[in-house]
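Whole structure, please, built from the sequences with the hints as guidance.
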Amino acid sequence: MKTLNRRAHPYIPNSLPEVKEEMMREIGIKNIEELYSDVPQKYRLKKPLNLPEAMSEYEVKRHVETLLSKNKTYADMPIFLGAGCWPHYVPAVVREIVQRSEFLTSYTSYQPEISQGMLQALFEYQSMICELTGMDVANCSMYDWASALGEAARMAARVTGRKEVLIPKIIHPERALTLQVYCEPAGIDIKKVGYDGETGQLDLGDLRKKISRETAAVFIENPSYLGFIEAQVDEVAQEAHTHGALYIVGVDPTSLGVIRPPGDYAADIVVGEAQPLGNFMNFGGPLLGIMACRDDTDLIRQMPGRIIGMTTTVDGSREGFCMALQTREQHIRREKATSNICSNEALCAIASAVYMALLGPEGMRELGETIIYKANYAMKLLSKIDGVKAPVFSSTHFKEFTVNFDESGLSVKEINKRLLRRQIHGGKDISKEFPELGETALYCVTEIHSKSEIDRLAEALEEILAKR
Amino acid sequence: MFRQANWNEPLIFNLGRSGRRGHIPPKAEEEIVKSVGDVDALIPEKMRRKNKPRLPELSEAEVMRHFLHLSEMNYGVDSGLYPLGSCTMKYNPKVNETLANLEKVNMLSPYQEESTVQGILEILYKLEQLLAEITGTHEVCLQPAAGAHGEFLGTLLMRAYHKFNGESEKRCEIIVPDSAHGTNPASAAMAGFNVVVVPSDDDGCMSLGALKAVVSERTAGLMITNPNTLGIFERNIDEIARIIHEAGGLLYYDGANLNPLLCKVRPGDMGFDIVHINIHKTFGTPHGGGGPGAGPVGVSEELAKFLPVPRIVFDGKKYRLDYDRPYSIGKIRGFYGNVAVLLRAYAYILSLGVEGLKEVAEVSVLNANYLMKRLKGVRGLTLPYNSEKPRKHECVFSAKTLKRETGVSALNIAKRLLDYGLHPPTIYFPLIVEEALMIEPTEAFEKEELDRFYDALKKICEEEAYNNPEIVLNAPRNTTIPRLDEVKASHPRTMALSWRMYLKKLGRGSSNPYM
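Order-wise, the sequence lines are chains A and B.
Residues 1117 to 1584 (our numbering) make up the first sequence, in order.
Residues 2 to 516 (our numbering) make up the second sequence, in order.
To be clear, the hints were calculated from the coordinates, so they are not data collected in a lab.
Do not take every clue at face value.
[What the hints assert, rightly or not] Here are some, though not all, of the chain B residues that point toward chain A, as calculated from beta-carbon distances under 10 Å:
no., residue
1, MET2
2, ALA6
3, VAL106
4, HIS246
5, GLU247
6, GLU450
7, PRO483
[Claimed, not checked] For each label pair, taking beta carbons as the anchor points, the in silico distance ranges come out as:
no., chain 1, residue 1, chain 2, residue 2, range
8, B, GLY167, A, LYS1496, 53 to 63 Å
9, B, GLU247, A, LYS1162, 22 to 32 Å
10, B, GLY167, A, TYR1205, 50 to 60 Å
Since this is a predicted model, take the numbers as computed values, not measurements.
The C-beta atom is built at its ideal place from N, Cα and C for all residues, glycine as well.
Following this line, the structure appears as structure tokens:
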């Protein structure tokens, strides 16, 4: 790597010496160092930092591509991983729109008159999330599902004045950990509600035991972390509301073309992960946290994050869009704000808006059907293999399901190693997360997994287990 | 003359026709359908969706056109100057977009076996090292999704540190200057601290006397940005660090204003224990109309054990994710960070190199001082807080005089600048400057564009405001839409935060409340 002739760096127009001279003359200085004269000498770096020399654009591109070539992706082998970050197809139009410079390189729309495009697109994102989830209000994004849940719990505590949140025992462990980290400083206690060993469904008896007048919110996930559909949603709603607690539901929105939306079963707050709606996995980020609630002033006023609203021009001649309810936010309310969130995942929300608009109601239904078909086919096929139990629970599964290998005598780790040798990536090892489920993996099948890939997985597993 | 596109684009719900399709997802193969049977039978009756979601129904071309029209009614840093103070809106190199759109990143699951993700782990690991070197910190964590998220992590680390020392009950206060970004007090409050505000002195720096008066055994730490939001270097940072550390507190660096210090001064060397970096500011990644950004946090050796899990570790041969950190605070989000954003930052650092990053800092300061020097003579504008002192990345003018003399406010100036096809500066911030115009040109714009901004601002203040204030008061006119009624958007009677809420409000009264 050679030092570039950096007389003028392409990203720094005024690095041209003649221009610098002109500007310094105008300021009345001879050297840029004079502008740093108030910085104590002891802090000025005396020697260059230990950083690489500049590379040309071509060199940078080659360098990064070479490093990335060490990765193996879905394009190289079938991968059956989900667990909160899912592989889905991203239509070409989505990619095209999010690369539009006017969207990509804009800041938060502080000046609405020159930012109507972004504001309208975000309003449409909010509106479509509302249609999909059956809620009335959505903000224009949180960082991800885990942090959205943390914020939702704090929001519920503020609304109810209570300090306890009930969550299911079957929950993504990273999400539960994030929730705990968000809740601890606010003095919110988290209690876990058990599940039925046969079906995996929430143990209503345990819920009734644990819920009280101290409960700020009851949280469920649908589909659950382990992929099954939670069917007692109305019973949970009734328990929560009878005790004056809020009902928070976490969703994978790809299920909502076929599964009942939380707005239908009286959810007060909906959180979830909208990454699968038009966003790539990117090794886990950026993601797109959903945050929606009912049209209830108490809830809306406590909602965190940016919300775009409809308004009119001052002269009343036209409708338009701007940020609404900014008095909840940090730049106005400072330490009394509902959250410190400022930058969010706006461009990912645009991607999701384009995605939902492309699919429409029919597309969302077809997507859900394809996923449930393929996942259930995979489950059926794997369960036929000697030594395999798939799924562990008897409930209906959407796109993820548990596969237990206890009877095979092999560990998930060992099986995944052998699968990888055959150019297949197995499911997520959850034997440490849920020791009570034994040697179990969490498999994910979406619309992008073909039948032949699923068949290949089954054949490979059969081979591996036959050789044990 | 600038004229922004105005397509009068309807809401997407008012476009298309029932039955039209924009995209058809893959169908399950016939054998699968045969094998699984009726899909409806799989889903318990009570859990089936009965009413279709009322999503729009458009052809692919209509969707493309709709969002293309919307994009044309927006303004990005590629459109022109974007001197939003404290936001560091610099050029976003296009090769970084190419790299961030490669399948080798896009289609990686975070849970893949480590052997299949060595490339991305190496990039993230190396980026941590580069950022540690740049900030002068011991270890960097890439997990936070944005600057404010980094602040939240930073304040949680303070909490963990004091708890570790058995002082969590006692140390309940975080000190911030009155010029602080709103996120500082908000983050401190989120982490359970009380916020104590210290005023600035006549020089625009934190008042040492006032600081000494509030520091106590209750002090958990101090959050400060340096240069501060006036663009002024906190000259007493040495003393501030000493006071806080002697009181047993920690020093937090808000990295929003790191740009002018790159390869010149390091927060770690100034005594900061915790530093966050706004990747989407300092390291040139696109802000996407509000995100995604990334807010890595660097810490001193003493605090490293509290960082969130997992940490990326390298044994000389292989990179791996280490969850075995008994003192870790846990996690503040799912997975490891906004990887696609971080990847762009890695490429950005390589493109500039050690000398280029220094050039970034110096030219950003040159540009800010150049604009400041020129604007100092503009009638109606004043430069509060020691107008002779050089600024760093930004300068803050006050339109107080102009408002008194002509009725034209900072807001009016901002709206009028839009008519010239220029994005206005940040206004009404920092709070300690009346009618503030906070200008951060960054290193990314050429002198000619800075001059265009100066010419426009001078014309607005000197000619228009004094001779024809109506034109400023009624601005903007050349944007997609004239001035919006922002109060209406939050008023209970008219508040519509979604299409369905809008329809509900329309249906309630006999007349359209929006018109």
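The hints, checked one at a time:
no., hint, in the structure
1, MET2, "violated (15 Å)"
2, ALA6, "holds (8 Å)"
3, VAL106, "holds (6 Å)"
4, HIS246, "violated (16 Å)"
5, GLU247, "violated (18 Å)"
6, GLU450, "holds (8 Å)"
7, PRO483, "holds (5 Å)"
8, GLY167(B) to LYS1496(A): 53 to 63 Å, "holds (57 Å)"
9, GLU247(B) to LYS1162(A): 22 to 32 Å, "holds (27 Å)"
10, GLY167(B) to TYR1205(A): 50 to 60 Å, "holds (53 Å)"
Checked against the numbered hints listed earlier, the structure breaks hints 1, 4 and 5; every other hint is satisfied.
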